[in-house]
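Residue numbers (numbering that gives the first Met the number 0), protein chains in the order written: chain C, 0 to 224; chain W, 0 to 230; chain P, 0 to 227.
No lab work stands behind these hints, which were simulated from the structure alone. Since we're looking at a predicted model, the values are computed, not measured. Check before you lean on any hint, since a few could be wrong.
[What the hints assert, rightly or not] Simulated restraints on C-beta separations: (1) P116(C) <-> Q120(W): 36 to 46 Å; (2) K111(W) <-> P116(C): 48 to 58 Å; (3) P166(C) <-> L49(W): 34 to 44 Å; (4) I156(P) <-> M51(C): 27 to 37 Å; (5) Q215(P) <-> I117(C): 30 to 40 Å.
[Said to hold, decoys possible] Below, computed lysine to any residue pairings styled on SDA-like, alpha-carbon distance capped at 20 Å: (6) K70(W) <-> L222(C); (7) K92(C) <-> V50(W); (8) K96(W) <-> V7(C); (9) K58(W) <-> P89(C); (10) K51(W) <-> N4(C); (11) K228(W) <-> Y226(P); (12) K92(C) <-> K69(W); (13) K128(W) <-> E78(C); (14) K13(W) <-> D140(P); (15) K92(C) <-> E78(C); (16) K66(W) <-> N4(C); (17) K66(W) <-> L85(C); (18) K66(W) <-> T83(C); (19) K74(P) <-> Y30(P).
We treat Cβ as the ideally placed atom computed from N, Cα and C, and that holds for glycine.
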Amino acid sequence: MTFINQVVLILNRDLRIEFRSKSLLLSMVIFALLFQVFLQIVFDAKTQAIQMIAPGILWLPVLLSAMLGFNKYGSAERENGALTGLLVSPIDKGALFLGKLIGNYVLVFIVIVTSVPIFFLFLKQPFPASIGLLLTTLLLGSWGFVAIGVFLTTLAHSSSITELLVPIMIFPLAVPLFLAIIQLTEMALFPSLGMGENLWILLLIGYNLIFTVAPTFLFDLLLEV
Amino acid sequence: MMELQNINLFMNDKNVLHSINLQWRKGESIALIGANGAGKSSLLKVLGTLVKPNSGKLKYPSDLSVKEWKKLLGIVFPETFLYHSLTAYENLRFYQKLYGKINKDRIDEVLKQVKLFHVKQEIVDTYSKGMKQRLSIARALLHNPTYLLLDEPFDGLDSESKEILKNMLLQMRQKGTGYILVSHDSEQAWELCDRAVLMHEGRIIAEGKCTNQGYFPFIKRYREIVKEKSS
Amino acid sequence: MMQKYLNPTKLFLTFATGILMVIQLYMSLFYAPTEKYMGHIQRIMYFHVPSAFVAFAAFTIVFIAGIMYLYTKNKKWDALAVSSAEIGVLFTTVVLVTGSLWARPVWNAWWVWDDPRLVTALILWFIYIAYLLIRTSVAGDERRRKFAAVFGIVGFIDVPLVYFSVKWWRTIHPKVIDEQGVHMPAEMAQTLFFSIFAFLVLFITLLLYRYVLESQKENVNELRNKYL
Chain C
0 MTFINQVVLI LNRDLRIEFR SKSLLLSMVI FALLFQVFLQ IVFDAKTQAI
50 QMIAPGILWL PVLLSAMLGF NKYGSAEREN GALTGLLVSP IDKGALFLGK
100 LIGNYVLVFI VIVTSVPIFF LFLKQPFPAS IGLLLTTLLL GSWGFVAIGV
150 FLTTLAHSSS ITELLVPIMI FPLAVPLFLA IIQLTEMALF PSLGMGENLW
200 ILLLIGYNLI FTVAPTFLFD LLLEV
Chain W
0 MMELQNINLF MNDKNVLHSI NLQWRKGESI ALIGANGAGK SSLLKVLGTL
50 VKPNSGKLKY PSDLSVKEWK KLLGIVFPET FLYHSLTAYE NLRFYQKLYG
100 KINKDRIDEV LKQVKLFHVK QEIVDTYSKG MKQRLSIARA LLHNPTYLLL
150 DEPFDGLDSE SKEILKNMLL QMRQKGTGYI LVSHDSEQAW ELCDRAVLMH
200 EGRIIAEGKC TNQGYFPFIK RYREIVKEKS S
Chain P
0 MMQKYLNPTK LFLTFATGIL MVIQLYMSLF YAPTEKYMGH IQRIMYFHVP
50 SAFVAFAAFT IVFIAGIMYL YTKNKKWDAL AVSSAEIGVL FTTVVLVTGS
100 LWARPVWNAW WVWDDPRLVT ALILWFIYIA YLLIRTSVAG DERRRKFAAV
150 FGIVGFIDVP LVYFSVKWWR TIHPKVIDEQ GVHMPAEMAQ TLFFSIFAFL
200 VLFITLLLYR YVLESQKENV NELRNKYL
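So that you can see chain C by itself, here it is in the shape it has in the complex:
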């Protein structure tokens, strides 16, 4: 079976399970919306003040809701020894990683689709200066965060570590990513001189490549017993 087929197989399995119960997806979406509203209430300041923190308010609900996903997505695999079933099978562990990454990304994407419009609904300044840049940032930024999250959780291989350690591991590693997405979002939301835009996008792409390509190719070696 080819690598791509294996990726699709894992993706298919996880999404089938997640969409059957929908509990994870729903709680991710609801959490993001709730947190969005919560942040708007907490920072309900003058328009100028909200301008300064707008990128943070846009991203925080998405990122934290993605964190919820890392813990619970694919948790069926940790029950009834299903993971053992995978480990004794001839599957490529890189495909396992990539399949989970794409599946997680689908969920986070749904969160973005619901949470970001709500953000604009509350924001007094309805139109972003550059929709294209905003979309690029949203897609690339969430991919990077999901990639590093899935990388760490797949590597951890166990629920207790995932719940405790992944948040501690992920945030320091994701600092460059955060800086890039916050900068880019600010440029996208408000009219600016467009300074350094390409530099940040480049950083984002580089970061995504490192945390997507390297695990895909190295996981099989790393997890081989």
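Since the structure of chain C is provided, determine the placement of chains W and P on it from the hints.
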């Protein structure tokens, strides 16, 4: 032939396998006998490439790679490896794809063998324990493995299902599929196998051919050896 | 073979470190001239900068030992990596604390977000704290080692990314504080370089002691496995 050479394994600072040497010929069925904690399950884990021994060597049949060895291997462990929110059919289809091409007829065939064909579209969560165990066996046999690892496969089965499984094993034996069987019912294991291997505290202490009259003398000898060791 | 030279080496290094540190103290407190504007507070530099060098050296060793462990699966590399990571975290703490002490009177703030080096040091500290946490909480020897090795490698690769992203972040915004060009008198430079040298020797000594402790722990474990 699968061969273990001088395998040592430590787990949580405990020596669970102690210079194990074992030859498993193609098509040979071996009964693994021993008390709880004798290292039977650990030995199966080493064979299933789930744990890496701290020392010693695994020689795969005809110098296959680990990946190719995994393809030949079928595994029934106390855990079922099943996804409870998927249907029986979806579970089997997943595992079939994992090992190669999809073949619907084969899925139906195994499901009929374990008498689950009529409930194949139902969610596994609604199954009884025995049904899950039977589905787990179907899952292990799906890709026609040539080597089978069976850790207490009779657990949780009613007498009828036990009979079914027993017949399946005998059939496979004729077709040339080898298996290693761990069962607390050592007399039954004796009946189903060519060779018996006795484990005690991480070591193989005796081996014997499973002949018709040989069971009780073998067990008697085992008790004596254990007594000797502990005194 | 190695065993034979171990104790003399330890002894020699300990003495050498002791002497070097005394000289370092003398030089930084008395030999180096007092800085014109900052006054005595500037002397913190002789502890701050060497500590940063040590931390960087330590994390480089974690990185290299991680790669070597994954490549060879030899526990010795892993033992070296933990030992080095612990010392690295210790010296990063020193860097952060001395930096803050210096910044309070000079920059009028304990902490500023504008200097990429500061932010990088802080993130570095968090990364390797996480590294040490992994080591205490992942079950299974081999898995813990592998996990830690991978994290050590990824963390190290992440450091330049953090540095440059913070740098770009701040160059796009107006700078609050300009980097000061350092034109040091010769005595200051001598003291600084000597301090770096002394601290690196201190690091090697600590690393050796910590590494020997770690391997002895391993040996005890192995003996216990064998005979108990």
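We went through each hint and held it up to the structure:
| no. | hint | verdict |
| --- | --- | --- |
| 1 | P116(C) <-> Q120(W): 36 to 46 Å | 38 Å, holds |
| 2 | K111(W) <-> P116(C): 48 to 58 Å | 51 Å, holds |
| 3 | P166(C) <-> L49(W): 34 to 44 Å | 29 Å, violated |
| 4 | I156(P) <-> M51(C): 27 to 37 Å | 32 Å, holds |
| 5 | Q215(P) <-> I117(C): 30 to 40 Å | 59 Å, violated |
| 6 | K70(W) <-> L222(C) | 18 Å, holds |
| 7 | K92(C) <-> V50(W) | 16 Å, holds |
| 8 | K96(W) <-> V7(C) | 10 Å, holds |
| 9 | K58(W) <-> P89(C) | 18 Å, holds |
| 10 | K51(W) <-> N4(C) | 28 Å, violated |
| 11 | K228(W) <-> Y226(P) | 16 Å, holds |
| 12 | K92(C) <-> K69(W) | 14 Å, holds |
| 13 | K128(W) <-> E78(C) | 15 Å, holds |
| 14 | K13(W) <-> D140(P) | 12 Å, holds |
| 15 | K92(C) <-> E78(C) | 19 Å, holds |
| 16 | K66(W) <-> N4(C) | 17 Å, holds |
| 17 | K66(W) <-> L85(C) | 12 Å, holds |
| 18 | K66(W) <-> T83(C) | 15 Å, holds |
| 19 | K74(P) <-> Y30(P) | 45 Å, violated |
Hint check: violations occur at hints 3, 5, 10, 19; the rest are consistent with the structure.
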